[in-house]
Every structure is written in structure tokens, then in C-alpha cells.
Amino acid sequence: MADGATSDPLVELFDAQAGFGGGRPGQPWVPSAEELLDHMARLSIARALVRTDFEEMDSDPMYSNRLLYATCAQHPSLVPCPTVLPQGHGDVPSEEEQVEEALDRGSGAVALRPGVDGWSPAEWCAGRLLHVLEQQRIPVLCRHSVLGFEAVADIAQRHPQLPIIMFHLGYRTQRMLVSLMQAFPNVYLAVGSPYSVHLGLESMAGRVGASRLLFGTGFPYAEPTASVTMLTYAELSEGDKHCIGAGNLDRLIQGIRR
Amino acid sequence: MTTLLEKGRRGESLADYEIVDMHAHLFSGCVPWGQDPADSLVRAMDQSGVAVSVVSSLAYGGFRMEACNELTYRAMRRHPDRLLGYVYVWPGAPQAVEAEVQRRLAQGFVGLKMLVLMGYDYVYPGYAPAFEIAHERRLPVLLHCYGGQAGLDDVPVLAKRYPGVRFLLAHAGAQQVEHHIRIAHEVEHAYLELCTSMATYRAVETLFEHVPLERIVWGADDLPLNMSHQLGRVLGAQIPEEAKLQILSGNARRLLGLERG
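Read top to bottom, the protein sequences are chains A and B. Counting from 1, one number per residue, gives the positions in the first sequence under our numbering. Counting from 1, one number per residue, gives the positions in the second sequence under our numbering.
These are computed hints drawn from the structure, not numbers from a lab. Where is the CB? At the ideal position from N, CA and C, for every residue including glycine. A portion of the hints provided could be inaccurate.
[What the hints assert, rightly or not] So the derived list for chain B, only partly shown, Cβ under 7 Å to chain A, looks like this:
#: 1; residue: A93
#: 2; residue: Q95
#: 3; residue: D222
[Said to hold, decoys possible] A few chain B residues that face chain A, going by a derived Cβ cut-off under 7 Å, partial list only:
#: 4; residue: H144
#: 5; residue: P163
#: 6; residue: L225
Using the sequences and the hints, build the whole thing.
Here you go:
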């Protein structure tokens, strides 16, 4: 807040919306874990839940998961969020095997990418996967552009014990986002870029509760400081800032049935 | 000494730096029903201590030019020390443009705002009376200009016709940053304004490396975006501390003729 007031100690930050190791067409830069770690050190971000990102060219999620696990094993501040998908015609391990490995490797969530990985979130295709994840209470991360409001609402209704974390939403989605989160208590929002909404944290805390919001940066797409200052300057209680900064994600991870 | 980034990380006030936001709006859709968007904007400025925002309004749909500017004028009067106004120009009624611009400048507006999304390129003749006035009075004109999209390539053409205009190119670096850099090199009076919800990675650093520092200014696009989110992009940029202050305050103050303090 203004007028010289300070928030001390620093709000602990656990980044729910970050990644590295992915490529984009026509772009030579492949963001590395070291770059993310450098930003985390610079911004005093204690931990990050990490996916393979960019995801546009990630055509082999099982290979990418192995790289992700190996990197996270070297850096305790990085918590893996591997990609999981329905077994379908058998080119990937069974749903149970994927989830078992994710848990064995200390994952804090998993990523669902139906568009990128060529599957449907409908029950006839993803029902078994979603059932296993729900049984274990494993949070699932869903990028809004590949899993829109209707699909998230459908999953949230069919699997009410499955924590669903939406991310990569912009200000134009605010009206539907609030309605969705009010309708389904198992839907959460990671507020990393491009979530840049006029008094957005204050509004969401008032309408759905600060307990449903998770700090995120949006790296490597986004400059990570933007989301940091959106939280540190927000008109929220210190308790709410700590919940959004790290506490809510910690609570979801602690809720996993390992 | 505490750095700007450290202050931002702690949520400490930046009021001492007299920050100027060159890109703000008044919308009714972004605030709770019944609340004044100008009050809500000032509330967002107060969170970090932003001193001044230059606003335009599209609150009633872009085609209702006079009503939009009246909302801006009311906001300027309600918060005279905090809000300055751009005259929003809609060229769909070209006969009304000159009179509206002259009237609003007489009321104390400090520049013009145009939006290519309204369906008219900036070289559309309906805008010409507004550019003529801006040229004569050496005013800033804020143009919505995403890299790779309509509008940006009009700027060199207009700069030849209206060399007195200070072209403020909004959303610089949001995408196709090289497009903005090229236009900045072609046009002496092109100023790059930084706002984007995407907070595009390394956009600020890239512009700093390729564009004269005095031609980079900060804007938040709040409403609808988040003031403190946009501020963080400069606070956290890996550029010298003095450059951050030029972008956040000094360059805009020179452009607007505002004295510090």
C-alpha cells in the first residue's frame, strides 16, 4: 500500500504457472530451468510448480516428463507438474501408471492438454484418467486456450473432488470466470499473466474468495515481475496475500492422497 | 539503497518517483455497478503511488464521441491533480471532429486518442482535422498499435504530413517487437508505450536495447488492465535504475510539459 506502509516479512511466493524446456515454431530460444531459477532468486520466489513450456511443439509428453523429473530432482525448489493423458491406442502408459509415476516423483499437480496431445475431455475418452486423478485428489492445470469454460464446467461437475486450476485467462473472460468459479467450488484460478485485470485480485477475493486464487508468473511467456507486483500492491489482507502467494497451492498439494 | 524492484516486491509506495501513466481508460464494464470508474482508477493508482494518469474514455461505445469525452472531462474535474485527458476521436462523423477537438482542448485536455479497432485506419480522412490540430499544437496522439496489425504502418505516412505530432504508439513490444522498433527508427517523434496484458517476456529490455531511451514511456491500460501488474514490468526489467525512472516518469513529463514536484 501507499504512504510508506510495508509488507514485512515478504509474502512467500510459490509459482503455480511456470515452465521451461519447450520450443515454439520459428523461435530459437528454449527457456531453461536455470533462467527460471535466476528469476526466482531475483524476485524471492521460493518454489515453482513447473511444466514443460512452451508447449506448442511438445509432441512427446512422456519424453518431456522424463526431462522434467530429472531437472526437478536436481532443484528442490522446482516441483514437477507432468503432462498426463488418456492411454487411448496404447502409445503411452496406462492412466494408473502415469499417475503412480507422477506421485512417486513428488509431483504437485498434473497438466491436461487435450488439444496439444490429441484427446477429448469428454467422459468416453478421458473418464478413466479423470477418475484416477480425482481419487488421488491430484490438482490438474488447464490452460484456458486448450480447455475452455464449457469443458472445465463439464469436468468440474462430473468430478467434484478433482481440483481444477485454470490459467492463462485475460480480462475479457472475467464475467464467465466468476460465474464458473461460483458454480463449481473445485475450480481455482492461477493469476499469472495474462491475468491483468483492473483490481482483479480484490474483485475475485470478494466474489469467490482468496482461497481460490493461486499466485503464478506466466514464465516463459511473460515477464515474471508483473504478477508479483499485482499481488504485493493489492488491497488484500496480509493473510489473503500469503494464501494466494503460496498457502493455497500448498494446501492443494497437501491434499493429494499419495 | 532500496531499488525499485525491491520496493515493488515489498509493496512499498513509489509516490516519491512521481510516476506518470500515459495510457488509461474509463470504462463502466470494469467496475461494480454504480461505482465511478474514475474513482476506481485513482484507487488503483494509489495502491503503488502512481501520481498521474492520462485517460480517455470508450465507456459508451466508440461511436458516441462527445459522450465519451464528457465522461473524461468529468473525471478530470473530479480528480484534477491526478487525471489528465486525451480527446477521444471517432472519425465516423468527420464534420464533428474539429469542433469536438477544439472544444475539449479548451477545457484542458492534453492530447488525442485514436483506436484503429473502430474500423478506420489512421490515414482515414475523417481523422485529418484532428491531426492538423495536433500538428499545430505539437500534441501527443495515443494510437492503439499492435505489432503486425493495422495502424502501425500508417505512422510514417502521417509523420510526413504532420511532423509536429508526437505519436504515442501503444502496446509496443506486446508482439512482433521488431515492427515497433522499425517504426521508431523511421519516425523521429514516435514514442513507444509499453502496456500489454501478456507482459511479453523481455519486451522492455528489447526496446531499451534498440530504441532511444527518451522515446519509451510507460502506460498501464487500466482500466481494463491492472495498474500494478503493468508497473511490475518496468520495476522488474533488467535495465539500469535510472532508465526505469526515465520510462516511468521523466520521459512522460517532458512530453506533457509537466514539472516535477
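Hint check:
Taking 7 Å as the C-beta contact cut-off toward chain A, the hint placing A93(B) at the interface is violated, the least distance being around 28 Å. About 34 Å separates the beta-carbon of Q95(B) from the nearest beta-carbon of chain A, more than 7 Å, and the hint is not met. Nearest Cβ of chain A to the Cβ of D222(B): about 5 Å, under the 7 Å cut. The hint holds. Restraint check, H144(B) versus chain A: the minimum CB separation of about 15 Å is more than 7 Å; hint violated.
The interface hint given for P163(B) is broken, as the beta carbon of that residue sits about 34 Å from the closest beta carbon of chain A, more than 7 Å. Interface restraint check for L225(B): the shortest CB-CB distance to chain A comes to about 4 Å, inside 7 Å, so the restraint holds.
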